[in-house]
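This is what each chain is made of:
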Amino acid sequence: MATSLSPELHQKLSETARALRMLSLQMITEAQSGHPGGSLSAADLVTVLFFHYMTHNPHEPHWPERDRFVLSKGHGVPVVYAALAKCGYFPEEELMTLRKINSRLQGHPDHVRLPFMETSSGSLGQGLSIAQGMAMAAKLDQKKYKTYCLLGDGETQEGQIWEAAMSAPKYQLDNLIAILDFNKGQIDGYTEDVMNLSPLKAKWEAFNWEVQEIDGHDLHQIFAALNHAQISRKKPHMIIAHTIKGKGVSFMEDNIDWHGKSPSLKERDQAIEELRRH
Amino acid sequence: MEKAQVSKNETKPLKNYVDINPQKKVATRAAFGKALVSVGENNQNIVVLDADLSVSTKSSLFAEKFPDRFFEMGIAESNMIGTAAGLALSGKIPYLCSFGCFVAGRFETIRISIAYNQVNCRIIGTHAGIGIGEDGYTQMALEDMALMRSLPGMGVLQPADDIETQRMIEFLSNHHQGPVYVRLTRQALPQLFNQQYVFEYGKGVILEEGKDIALVATGGVVHPAYEAAQKLKEKGYTSSVVNIHTIKPLDETLIQSLAHSHQWMFTIEDHTIMGGLGSAVSEVLAGTQNHAVLSRIGIQDIYGESGTPEALYEKYGLSTAKIVEHILRQLES
Chain A
53 MATSLSPELH QKLSETARAL RMLSLQMITE AQSGHPGGSL SAADLVTVLF
103 FHYMTHNPHE PHWPERDRFV LSKGHGVPVV YAALAKCGYF PEEELMTLRK
153 INSRLQGHPD HVRLPFMETS SGSLGQGLSI AQGMAMAAKL DQKKYKTYCL
203 LGDGETQEGQ IWEAAMSAPK YQLDNLIAIL DFNKGQIDGY TEDVMNLSPL
253 KAKWEAFNWE VQEIDGHDLH QIFAALNHAQ ISRKKPHMII AHTIKGKGVS
303 FMEDNIDWHG KSPSLKERDQ AIEELRRH
Chain B
3 MEKAQVSKNE TKPLKNYVDI NPQKKVATRA AFGKALVSVG ENNQNIVVLD
53 ADLSVSTKSS LFAEKFPDRF FEMGIAESNM IGTAAGLALS GKIPYLCSFG
103 CFVAGRFETI RISIAYNQVN CRIIGTHAGI GIGEDGYTQM ALEDMALMRS
153 LPGMGVLQPA DDIETQRMIE FLSNHHQGPV YVRLTRQALP QLFNQQYVFE
203 YGKGVILEEG KDIALVATGG VVHPAYEAAQ KLKEKGYTSS VVNIHTIKPL
253 DETLIQSLAH SHQWMFTIED HTIMGGLGSA VSEVLAGTQN HAVLSRIGIQ
303 DIYGESGTPE ALYEKYGLST AKIVEHILRQ LES
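Taken in order, these protein sequences are the chains called A and B. To convert, count from 1 in the first sequence and add 52; that's this note's numbering. To convert, count from 1 in the second sequence and add 2; that's this note's numbering.
Mixed in with the good hints there might be a few duds.
Claimed, not checked - Below 27 angstroms or equal to it, Euclidean Cα-Cα: the simulated DSSO-like pairs (lysine-lysine) are:
1. Lys36(B) with Lys317(B)
2. Lys287(A) with Lys195(A)
3. Lys191(A) with Lys67(B)
4. Lys222(A) with Lys255(A)
5. Lys67(B) with Lys222(A)
6. Lys286(A) with Lys27(B)
7. Lys287(A) with Lys191(A)
8. Lys250(B) with Lys17(B)
9. Lys286(A) with Lys255(A)
10. Lys236(A) with Lys313(A)
11. Lys195(A) with Lys67(B)
12. Lys317(B) with Lys17(B)
Unchecked claim - FRET-style restraints, in silico, Cβ to Cβ:
13. Thr310(B) with His280(A): 39 to 49 angstroms
14. Pro116(A) with Asp70(B): 17 to 27 angstroms
15. Leu16(B) with Pro116(A): 40 to 50 angstroms
16. Ser40(B) with Asp193(A): 16 to 26 angstroms
17. Asn44(B) with Gly312(A): 29 to 39 angstroms
18. Pro251(A) with Pro251(B): 48 to 58 angstroms
19. His280(A) with Tyr139(B): 20 to 30 angstroms
20. Lys152(A) with Glu334(B): 55 to 65 angstroms
21. His114(A) with Gln25(B): 25 to 35 angstroms
22. His280(A) with Asn45(B): 54 to 64 angstroms
23. Ala276(A) with Asp70(B): 28 to 38 angstroms
24. Ala323(B) with Pro116(A): 56 to 66 angstroms
If you are wondering where the hints come from, they were derived from the structure by calculation, not from laboratory data. Where a beta carbon is used, it is the ideal one built from N, C-alpha and C, also for glycine.
In isolation and in its complexed conformation, chain A is listed as follows (with noise of 0.2 angstroms):
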């Protein structure tokens, strides 16, 4: 769907975000592990696509006309998990459950137990190929659901990301958008140190695919590139998004140390305080 953003959808989805953001870092503290760098990264992207741009409908999960949403990069989960409790797919107190034992919010996303979620994941490189898939049985069923996939820059490391670059083209699967939350970082350094993924957009434009490169927190640019990717050029889409590691909080971004660790109470104070701020 073609559409575009009004100074009034702006505030409100900037203010989603920050939402967003808040909720995964509280989260994440609450559960004393997980990702808040790339939750912070993702959470323009994962606003736009779950507040205003994806068809769904949280008292119908399973309608099968819905778009699908498949988040390669499994780590990332807190911001998603805070994007379903806000569109009202469970109760927001769950949030806090994430990480605890008995809970359907595991660390990396369980379809099995939490089936709004479209797959399992977390095992980096897998989602983009069953993003494919779904994306084929749309093909096959005649129907018009578009499906996403938010991936990782430094999952696509994984020989199998590559595999799925090379057979989407082949299928022609123009209903495919894959989205790159390319933040620069992963566990061990700055991917360009750990292993280089330059040029990606050459890289991708290669294998086929329609590719844009945009800002990743310029909810315009993420607006104007879902809605290019809209339009059928007979290719996959792939929307490589510059963002920026653990976004919104001054002391996390751009910090390889935040991949993977909570924030203290007092760490969690301060960005909530910084994220109000601004």
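Guided by the hints, dock chain B onto chain A, whose structure is given.
Chain B alone, transformed into the frame defined by chain A:
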């Protein structure tokens, strides 16, 4: 612990569909290819994926008949596994086909994309065991059952003849929920059953009943096990011969009953003895008392090699003569 459920002297009538004919031979992969076309005809949700081996796995027969529901994924098994999972999450029943070693070898992808999601994928691994012959170890699935058996909720199946394969595929296409791994042979296998055969998931099939020895076999070595039982009669021993087409969930009741009504029990499989049928049977008997002496016949923690299937079965102890030799050695020790 569980008591014997079949007394030593009790004989049950064999199923009327046991109909062994060594002259009529079909590879289970060929039976699979034929069955797939038949189920594809009636069930539009059946889709098939292959990784550049469709001519060998026989999924090519489906591809010719239903090109829109066949996906050639190239030499990229992990992507095939994930794609199949995505199709299954969207309501399809995907058969994803390759050699057993290549598909089961992508264990981590199967583990998360298929098993943990508990989706209706049917993983087809052909070219099981050293029975593939000349291609040698790199193409032999010898550890696949061990890998697949370790995944919660994953069914592990291996048919032993043409009709059993067909009925199994019909069942998996129309009546089964959850992921399964199906292990098929390259080589042709003799007929064991006639058209009356009924496939019962999770149940062993008794081919012959005897008093002294229980031979519990799966897949391509069921017929050699049956032949071994005939040879053992010449030595004065009678055997019960059982075909285990469902390695997981195993027919534990039958295994317990056989183990308590026979003096000796042998498992026979063209697979490593670690983690396959032999292990599964051992796990059932562990903790029970007064059961048969159990010995596992299979690949003994070594790699395979090139050779004719017959030469390999002879060298690695799976020919009828070698099975008999192993059993007599055990009985007379």
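Right, here's what the structure says about each hint:
1. For the suggested pair Lys36(B) and Lys317(B), the alpha carbons sit about 33 angstroms apart, so the restraint of at most 27 angstroms is broken.
2. The straight-line distance between the Cα atoms of Lys287(A) and Lys195(A) is roughly 17 angstroms, inside the 27 angstroms bound, and the hint therefore holds.
3. The suggested pairing of Lys191(A) with Lys67(B) holds, with an alpha-carbon distance near 19 angstroms, which does not exceed 27 angstroms.
4. Distance restraint check for Lys222(A) and Lys255(A): the Cα-Cα separation of roughly 16 angstroms lies within the 27 angstroms cut-off, and the hinted pair is therefore satisfied.
5. The suggested pairing of Lys67(B) with Lys222(A) holds, with an alpha-carbon distance near 21 angstroms, which does not exceed 27 angstroms.
6. The suggested pairing of Lys286(A) with Lys27(B) is violated, with an alpha-carbon distance near 47 angstroms, which exceeds 27 angstroms.
7. For a cut-off of 27 angstroms, the pair hint linking Lys287(A) to Lys191(A) stands: about 13 angstroms separates their Cα positions.
8. Straight-line distance between C-alpha atoms of Lys250(B) and Lys17(B) comes to about 22 angstroms, which keeps the hinted pair within the 27 angstroms bound.
9. Between Lys286(A) and Lys255(A), the direct Cα distance comes to roughly 18 angstroms. Compliance with the 27 angstroms bound is thereby established for this hinted pair.
10. For a cut-off of 27 angstroms, the pair hint linking Lys236(A) to Lys313(A) stands: about 17 angstroms separates their Cα positions.
11. With a C-alpha separation of about 23 angstroms, the suggested pair Lys195(A) and Lys67(B) falls inside the 27 angstroms cut-off, and the hint holds.
12. For the hint linking Lys317(B) to Lys17(B), the alpha-carbon distance of about 34 angstroms lies beyond 27 angstroms, and the restraint is violated.
13. About 60 angstroms separates the C-beta atoms of Thr310(B) and His280(A), a value inconsistent with the hinted range of 39 to 49 angstroms.
14. Hint check: Pro116(A) to Asp70(B), Cβ distance near 19 angstroms, so the stated range 17 to 27 angstroms holds.
15. The given range of 40 to 50 angstroms is respected by Leu16(B) and Pro116(A), whose C-beta atoms sit roughly 47 angstroms from each other.
16. As the Cβ distance of Ser40(B) to Asp193(A) is approximately 23 angstroms, the hint placing it in 16 to 26 angstroms holds.
17. In this structure, Asn44(B) and Gly312(A) break the distance hint of 29 to 39 angstroms, their C-beta atoms being roughly 49 angstroms apart.
18. A hinted range of 48 to 58 angstroms for the beta carbons of Pro251(A) and Pro251(B) is consistent with their spacing of about 51 angstroms.
19. The beta-carbon spacing between His280(A) and Tyr139(B), approximately 51 angstroms, falls outside the hinted interval of 20 to 30 angstroms.
20. Evaluation of the 55 to 65 angstroms hint for Lys152(A) and Glu334(B) yields a pass: the beta carbon distance comes to about 60 angstroms.
21. The hinted window of 25 to 35 angstroms between His114(A) and Gln25(B) is violated, with their beta carbons roughly 52 angstroms apart.
22. Range check, His280(A) to Asn45(B): about 38 angstroms between beta-carbon atoms, so the 54 to 64 angstroms window is missed.
23. The beta-carbon spacing between Ala276(A) and Asp70(B), approximately 35 angstroms, falls within the hinted interval of 28 to 38 angstroms.
24. Taking the beta carbon of each, Ala323(B) and Pro116(A) are about 58 angstroms apart, inside 56 to 66 angstroms as hinted.
Checked against the numbered hints above, the structure breaks hints 1, 6, 12, 13, 17, 19, 21, 22 and satisfies the rest.
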